[in-house]
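Chemist: Listed below, chain by chain, are the residues.
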Amino acid sequence: MELRRDVFQAIADPTRRAIISLVAVHAMTPTAIAGNFDSSRQTVSKHIQILTECQILKQKQNGREIYYHLNPQKIKEIADFIEPFRKLWDDRFNKLEEIMKNYPTKNKE
Amino acid sequence: MEPKTKVHAEDNKQEIVITREFDLPLELLFKAYEDPKIVAQWMGTNVLKLENKKHGSWQFETTDEQGTVVFRANGTIHDFNVNKNITRTFEMENSPFTTQLEFLEFEKLTDETSKLTMHIIFKSVAYRDQLLKMPFAQGINMAHNRLQEIVNKLK
Numbered sequence: 000m001e002l003r004r005d006v007f008q009a010i011a012d013p014t015r016r017a018i019i020s021l022v023a024v025h026a027m028t029p030t031a032i033a034g035n036f037d038s039s040r041q042t043v044s045k046h047i048q049i050l051t052e053c054q055i056l057k058q059k060q061n062g063r064e065i066y067y068h069l070n071p072q073k074i075k076e077i078a079d080f081i082e083p084f085r086k087l088w089d090d091r092f093n094k095l096e097e098i099m100k101n102y103p104t105k106n107k108e
Numbered sequence: 000m001e002p003k004t005k006v007h008a009e010d011n012k013q014e015i016v017i018t019r020e021f022d023l024p025l026e027l028l029f030k031a032y033e034d035p036k037i038v039a040q041w042m043g044t045n046v047l048k049l050e051n052k053k054h055g056s057w058q059f060e061t062t063d064e065q066g067t068v069v070f071r072a073n074g075t076i077h078d079f080n081v082n083k084n085i086t087r088t089f090e091m092e093n094s095p096f097t098t099q100l101e102f103l104e105f106e107k108l109t110d111e112t113s114k115l116t117m118h119i120i121f122k123s124v125a126y127r128d129q130l131l132k133m134p135f136a137q138g139i140n141m142a143h144n145r146l147q148e149i150v151n152k153l154k
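Taken in sequence, the protein lines are chains Z and X. Each residue of the first sequence is one higher than the last, beginning at 0 in numbering that gives the first Met the number 0. Each residue of the second sequence is one higher than the last, beginning at 0 in numbering that gives the first Met the number 0.
Any given hint could be a false lead.
Stated by the list, open to error - Below are the DSSO-like pairs computed for lysine-lysine, each with C-alpha atoms no more than 30 Å apart in a straight line:
| id | chain 1 | residue 1 | chain 2 | residue 2 |
| --- | --- | --- | --- | --- |
| 1 | Z | K75 | X | K48 |
| 2 | Z | K75 | Z | K86 |
| 3 | X | K12 | X | K36 |
| 4 | Z | K73 | X | K122 |
| 5 | X | K132 | Z | K45 |
| 6 | X | K122 | X | K53 |
| 7 | Z | K75 | X | K30 |
| 8 | X | K12 | Z | K45 |
| 9 | X | K132 | X | K48 |
| 10 | Z | K59 | X | K48 |
| 11 | X | K107 | X | K3 |
What the hints assert, rightly or not - Away from chain X, derived, C-beta distances all over 10 Å, residues of chain Z:
| id | residue |
| --- | --- |
| 12 | V24 |
| 13 | R85 |
| 14 | N93 |
Calculated directly from the structure, the hints in this document are not laboratory data. Cβ atoms here follow ideal geometry from the backbone N, Cα and C, with glycine treated the same way.
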């Protein structure tokens with residue numbers, strides 16, 4: 000059993016990010032994916048394997064061929080990863096703005 | 000509509016940039032960072048110390064309803080120029096995170112609007128990513144605390 004991989008580690012690699020953007024357009028066979036890279040088929044396979052392990056890619060059997068497509072749920076998880084942090088600061092800043100909007104009026108009294 | 004607060008975190012970089020435009024004159028925005036009472040209000044923490052000067056230091060502490068300390072942070076102020084910029088360090092006590100360096104820049108946009116740019120530098124890419132992921136857990140805690148407060152008021 001492979002070690003459970005961190006999805007954020009998976010997307011830290013430029014080749015893996017390139018694979019994601021390729022497969023995002025349409026489902027692809029491993030051969031078709033490898034055709035887009037100068038690296039060896041083996042190297043590309045390894046990247047596909049990692050992306051599959053962290054569920055960014057999903058396999059679908061179509062006749063004899065295996066097609067890889069994106070797992071939208073996992074992609075959403077990645078896209079949302081900065082969002083809670085942004086929201087945290089947004090809430091603080093909204094509060095700051097609200098407090099300070101009342102500040103001059105309080106002083107005038 | 001574009002979000003007012005933006006977080007820019009490039010891959011494989013040990014820094015983040017947070018920007019925010021405020022419907023506030025520059026002086027008021029800066030005051031919210033200068034006055035310990037106001038800082039306490041919008042940060043939702045007690046300000047134990049805030050020495051706004053070069054070589055000054057600051058300390059924040061948040062306690063829960065029972066008075067238990069849930070968060071404590073401190074740092075040193077390296078630069079403090081009114082209505083311009085603040086350079087400071089930030090260290091969360093009793094946490095796996097190390098000190099981070101923060102450059103805060105305050106800009107006037109119009110008479111009634113201003114902009115804050117917060118440039119934070121971390122020890123490593125891994126620390127940065129870990130911190131970015133932290134509000135997941137924090138957010139859950141906060142929601143829980145708020146819920147608890149409401150429930151307590153109902154009693």
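Chemist: Hint by hint, say whether it matches the structure.
Modeler: Comparing the hints with the structure gives:
no.	hint	verdict
1	Z/K75 with X/K48	violated, 41 Å
2	Z/K75 with Z/K86	holds, 16 Å
3	X/K12 with X/K36	violated, 35 Å
4	Z/K73 with X/K122	holds, 28 Å
5	X/K132 with Z/K45	holds, 27 Å
6	X/K122 with X/K53	holds, 23 Å
7	Z/K75 with X/K30	violated, 38 Å
8	X/K12 with Z/K45	holds, 25 Å
9	X/K132 with X/K48	holds, 28 Å
10	Z/K59 with X/K48	violated, 59 Å
11	X/K107 with X/K3	holds, 16 Å
12	V24	holds, 21 Å
13	R85	violated, 4 Å
14	N93	violated, 8 Å
The structure fails hints 1, 3, 7, 10, 13, 14 (numbered hints given earlier, in ascending order).
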